[in-house]
Every structure is written in C-alpha cells, then in structure tokens.
Amino acid sequence: MNRQKLKTCFVGALGIAPTTDLESVSFGTTDGWDSVGHIALVTELELAFEVELSPEDITELTSVQKAIGILGQHGVTFDN
Amino acid sequence: MSPSITSIFDLAAAHPPHEPAIIEDAGTVFYGALIALSRGVAEALNSTPAGATRRPHFLFCSSSSAAIATYLGCLAANQPVCLLDESRTVQSHRILNAFAPPVVLLREGSLEGYRHATTLPTGFQLLERIDPREAPAPHADIALLLTTSGSTGDPKLVRLTHRNLTANAQSIAQYLGLSSAERSTQSLPMYYSYGLSLINSHLAAGAVTVINPHSFLRPDFWTHFRDHRCTSFAGVPHMYETLKRLRFDPATQPTLRTLTQAGGKLSDPFIQHYTPLTRAAGARFFVMYGQTEATARISYVPADQLADKVGSIGVAIPGGELTLEALEGTDGMQELIYRGPNVMLGYAESSASLALGDELTGKLRTGDLGHVDSDGFYYITGRLKRFAKLFGKRVNLVDVETMVEANYPVRAAALDSGRDTLMLFLETLAEFDLHALTQETARALGIPPSSIKPHPVAALPMTGSGKKDYAALQA
Chain A
1 MNRQKLKTCF VGALGIAPTT DLESVSFGTT DGWDSVGHIA LVTELELAFE
51 VELSPEDITE LTSVQKAIGI LGQHGVTFDN
Chain B
1001 MSPSITSIFD LAAAHPPHEP AIIEDAGTVF YGALIALSRG VAEALNSTPA
1051 GATRRPHFLF CSSSSAAIAT YLGCLAANQP VCLLDESRTV QSHRILNAFA
1101 PPVVLLREGS LEGYRHATTL PTGFQLLERI DPREAPAPHA DIALLLTTSG
1151 STGDPKLVRL THRNLTANAQ SIAQYLGLSS AERSTQSLPM YYSYGLSLIN
1201 SHLAAGAVTV INPHSFLRPD FWTHFRDHRC TSFAGVPHMY ETLKRLRFDP
1251 ATQPTLRTLT QAGGKLSDPF IQHYTPLTRA AGARFFVMYG QTEATARISY
1301 VPADQLADKV GSIGVAIPGG ELTLEALEGT DGMQELIYRG PNVMLGYAES
1351 SASLALGDEL TGKLRTGDLG HVDSDGFYYI TGRLKRFAKL FGKRVNLVDV
1401 ETMVEANYPV RAAALDSGRD TLMLFLETLA EFDLHALTQE TARALGIPPS
1451 SIKPHPVAAL PMTGSGKKDY AALQA
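Chains as they are written, first to last, in the numbering used here: chain A, 1 to 80; chain B, 1001 to 1475.
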C-alpha cells in the first residue's frame, strides 16, 4: 500500500515511466530528478503521507531507499 | 564583423591576462588563456572549407570553460551561434528539425544526418550537415540565437546582435556595481538568457565565473560556494522558494554580497522574507525583470529601495527606458514598452527568417500589462497574451492547449494558477488516458507532472463570442 503510494509520488513528481525500477532512480542522474523535480517530489510525499519534511530530510532525499528511511522516521512503515 | 563593433569576446580580451576568468573543479582558466582558446576556436571555425561563409552554429552546451570558450570563439569569428541545452532532447530536436542547422557543435557523441568535420581546441566536435538545406545567409548583424524557453508550439529563436549582448552585459555590470573582485557561482544554465547574462556581465567586468557542479539544494553547493569565496548567487523564483524551505540564511556565507532574482515573479512574502535576511547578512538583494527578447535584463529594483517597493519590477536598467502604452478598446489597460540597445532584431522561426534584419528597431512590446507609481517604479498586473511562467520557463498556454488537443480527444483550457502550477481543464470527447496526457504534456514542457492539475469537466464554458471563457474557469 505505502510502496504503491511512494511509487505514485515518484512517477508524478519526476515524470518517470510507471515501469521504471525505483531502485535505479537517484537525484541528479535520473532525467526529471533535478531541483524542480525534487521540490515536486517533496510536495508529493508530504501530501501523500501527511508528513512535514525538515530541511535535513529534503537535502538527504536522494534515492528511494533514502525516502523510505526518511518517511520511516516520520512513522510511515513499508512492509514488503 | 566590422572593426567598429565590439563583442563580448572583445570586452573579455581587454582584461589583464593573468586575472582569473573561470574557476572550475579541473582548475582555473585565466583571461589570457580563455582568450587564446577562444581565438583558437575562431580560427578553427573559419578554416573549415565552408568556414569563410557565415552560417549558424548550433552549440549544445552545459556550463563549463570549454563551452564558454566555444561560445566566445563563435563570437570572435563572427559566426552566429545558437545555444541549446545539452540534455533537453525534446526541445533540441524540435529546433534541429525546424532549422536544420548546417553546423552543430557537440561536446561528444554524434548526431544523425551530420558528419564529423573537425575537433575544436576546446574539445568540442564540429559536425556538418551531410545534406545541407538551401538557406539564405544569416543577417550580418546576428551574433547569437536563444530559445524563448517555450517548448510547445513552433520552435522560435530570438535574434540578438553583438551590440545587444555588450550593451546588456555592461548595463548589468553597472547597476550591480560589478568589479573584477566579483565571483559569481554559475547556478543557471548558459543556454538560458539569465544564465548567459551572468557569464557575459562578469566577462565584461573582468570578474570570475565559478562553475559549481552541484545542485543549489545540495549542501555541497554551498560548501563549494564558500570554498571558492563566491560573492553572488542568482536564482529564479522556485529556487528562492526552495531555499526558504531549506532555511537558507545568507549570513552563513561570509563572502556572499549579492543575491539576484529574475525569471518570473517571486511572490511578495518571499521578497519580504529575504529582504531583512540579506540586509542582516550585509548583502544586497536585487529583484529584477527581463525577457530573452531584450537579451536578458530590462529592469531592476535598487537593493536599498526593495523594502519599500515589494512587488515592483523596479526601474529600467541603465541605457534603457520603460513606458506604458494605452491599449485600444480596453478599459484603461496599459502595456509595458521597453526601449534600449538590448532589444532583439526579432524572432526566427525557420532558417529562412535568419536572413531578416532589425524588425523592432529598439522597441519591445513586452506583452505585460502594468502601471507606474509616483516614484517611477513599474508594476506588472497581468499578461496581454496567455502565458504562464513555470519554474522560470515561459509557457504559451495557447500552445499547450493546441498540443493537448492535437494528441488527445479533448478540448483543453490551460490556466496559470500561480506558484508553478498549471491548471488544465479538459472536456472529454472520447475515452483517453488522463495519466498519459499529464505525463506527456509535462515531458514536452519540461516540468514535473505533478505541477499539472488536470480537471475533467463536462463542457468548457464559452463566452458569447464563442471563445473559451477563461474568466469563468478562473472563478
């Protein structure tokens, strides 16, 4: 459930194909994940998971694994 | 180029050769070396078999000393140069298809339909079109071609002269008070008029451009900024909005003296946020306004008056003039008019139109509606044509509608809802994939899909004269 939500955020913010392997996506290397895409992603995550990310969260958010870790600190759980 | 015309290359060549011009991680390029390298590029361009003739050179670039020297080499050789994003394939391909340029300059790789002719001293590859299209010679005054950042509709270039470039660079250097002690971090791409104006104005002033390899929202960017003792930062509205979220404080950068903002309207609360912060840090904050059609800069708010003039685009830059012209048939609406030596010759929409001369004669209708206060400060109240400014890019809303309607069975009405968001009202004529529409439109515009808000409606409201009723949609 939360994984799907996470994917929707990434697809919506970065414009990547829904079939993209999320593990391969990272800030600065994935087309669409530039500074504009980054803030769109932050906004999407905040709305979807009802959290407020700190400046540190925002700068650390550079991959899906990091996103899962950051959201985890805000009490969002991801079970496979 | 007749000897009397000065170019940005000439301005750069006038500075002491041992002073630094560009600092990048690979090392420092001094003015002497930069000029020698640019001259080498110019010689290489003009010594190709076809080099004696003037022909447009389309340069795919990202900010680097090699790209800057290649650009300067084109200026020195008086070969028209068009700057394009190295990575933006959608727009680049549209431009390539429309203009079929005889020469393309690439950092690496190849391009279909082109063959390698020579390698420039900067390492850039000069590719020539295998099957060149018949086209008249570009007009003698054209030095530079820039995209208008619209990626929908017909690809369009702005035709600029050496005089446009030098006048704007010197004017910017004057009102910002740039000296050779300035170090600007290159936070914006060089194919973008604002980003190029940073480079040009610092070359004109004998100052330093620092190539920062990091994104401005990474801590590495600001470490790099501090380590290279940079003095100024330039950003478009979304960058300042993002930096506020990151709780950026200019006081944490001891060498920072100047912040500049352009590329769209930064909303008042952000200006009010940064005004006291920059003052407390002993720095200056310049809110500015411009258009690629005016090379880059048109007006600015003097930093010491910003607190009293929040929301204003300020006064005309040195050498320019702003006026208002009443629009016929409107209830007192006035269009902002700019006159100055930096106003483009005109647009080019095909290689044939590159032969055109000066169509504007120094007068630019900005398409912005405005008014002026008793102190002579100008304010923008709306757009004459329907444009949105999204993440510093100007998007023609009519083009967005045309594109969407061409690809999907819908009637579309696009509205700028502010804060980098595009509202897209869609009247469905047959079944279609809304997700794909959003993703594709965003890709074409180069913006995040989530910044497009689609709103399916049963029917678009129409005015009495049968036009889409945007006022009703806005309500």
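Derived by calculation from the structure, the hints in this document are not laboratory data. Check each hint, because a few of them may be wrong.
[As the list claims (entries may be wrong)] In silico DSBU-like cross-links for lysine-lysine, where the CA-CA straight-line distance does not exceed 35 Å:
1) A:K66 x B:K1265
2) B:K1453 x A:K7
3) B:K1385 x A:K5
4) B:K1453 x A:K66
[As the list claims (entries may be wrong)] Cβ pair distances, simulated, as ranges:
5) A:E46 x B:N1097: 46 to 56 Å
6) A:T62 x B:H1018: 39 to 49 Å
7) A:T77 x B:M1462: 45 to 55 Å
8) A:P55 x B:G1466: 24 to 34 Å
9) B:K1467 x A:I68: 46 to 56 Å
10) A:E23 x B:P1213: 19 to 29 Å
11) B:S1374 x A:E56: 41 to 51 Å
12) A:E23 x B:E1321: 39 to 49 Å
13) A:I68 x B:I1337: 47 to 57 Å
14) B:M1462 x A:Q65: 25 to 35 Å
15) B:G1329 x A:E46: 43 to 53 Å
16) A:I68 x B:L1429: 37 to 47 Å
17) A:E46 x B:S1110: 56 to 66 Å
[Unchecked claim] Here chain B is said to cover these stretches of chain A; the calculated rule only asks that three of the stretch's residues, wherever they fall, bring their Cβ under 8 Å from a Cβ of chain B:
18) 4 to 14
19) 22 to 34
20) 54 to 64
21) 67 to 79
We put the beta carbon where it would ideally sit given N, CA and C, even for glycine.
Going down the list of hints, with the structure as the test:
| no. | hint | in the structure |
| --- | --- | --- |
| 1 | A:K66 x B:K1265 | holds, 33 Å |
| 2 | B:K1453 x A:K7 | holds, 18 Å |
| 3 | B:K1385 x A:K5 | violated, 38 Å |
| 4 | B:K1453 x A:K66 | holds, 27 Å |
| 5 | A:E46 x B:N1097: 46 to 56 Å | violated, 40 Å |
| 6 | A:T62 x B:H1018: 39 to 49 Å | holds, 40 Å |
| 7 | A:T77 x B:M1462: 45 to 55 Å | holds, 50 Å |
| 8 | A:P55 x B:G1466: 24 to 34 Å | violated, 51 Å |
| 9 | B:K1467 x A:I68: 46 to 56 Å | holds, 49 Å |
| 10 | A:E23 x B:P1213: 19 to 29 Å | holds, 25 Å |
| 11 | B:S1374 x A:E56: 41 to 51 Å | holds, 46 Å |
| 12 | A:E23 x B:E1321: 39 to 49 Å | violated, 57 Å |
| 13 | A:I68 x B:I1337: 47 to 57 Å | holds, 54 Å |
| 14 | B:M1462 x A:Q65: 25 to 35 Å | violated, 50 Å |
| 15 | B:G1329 x A:E46: 43 to 53 Å | holds, 46 Å |
| 16 | A:I68 x B:L1429: 37 to 47 Å | holds, 41 Å |
| 17 | A:E46 x B:S1110: 56 to 66 Å | violated, 43 Å |
| 18 | 4 to 14 | holds (count 4) |
| 19 | 22 to 34 | holds (count 5) |
| 20 | 54 to 64 | holds (count 3) |
| 21 | 67 to 79 | violated (count 0) |
Taken one by one, the earlier hints fail for this structure at numbers 3, 5, 8, 12, 14, 17 and 21, listed in ascending order.
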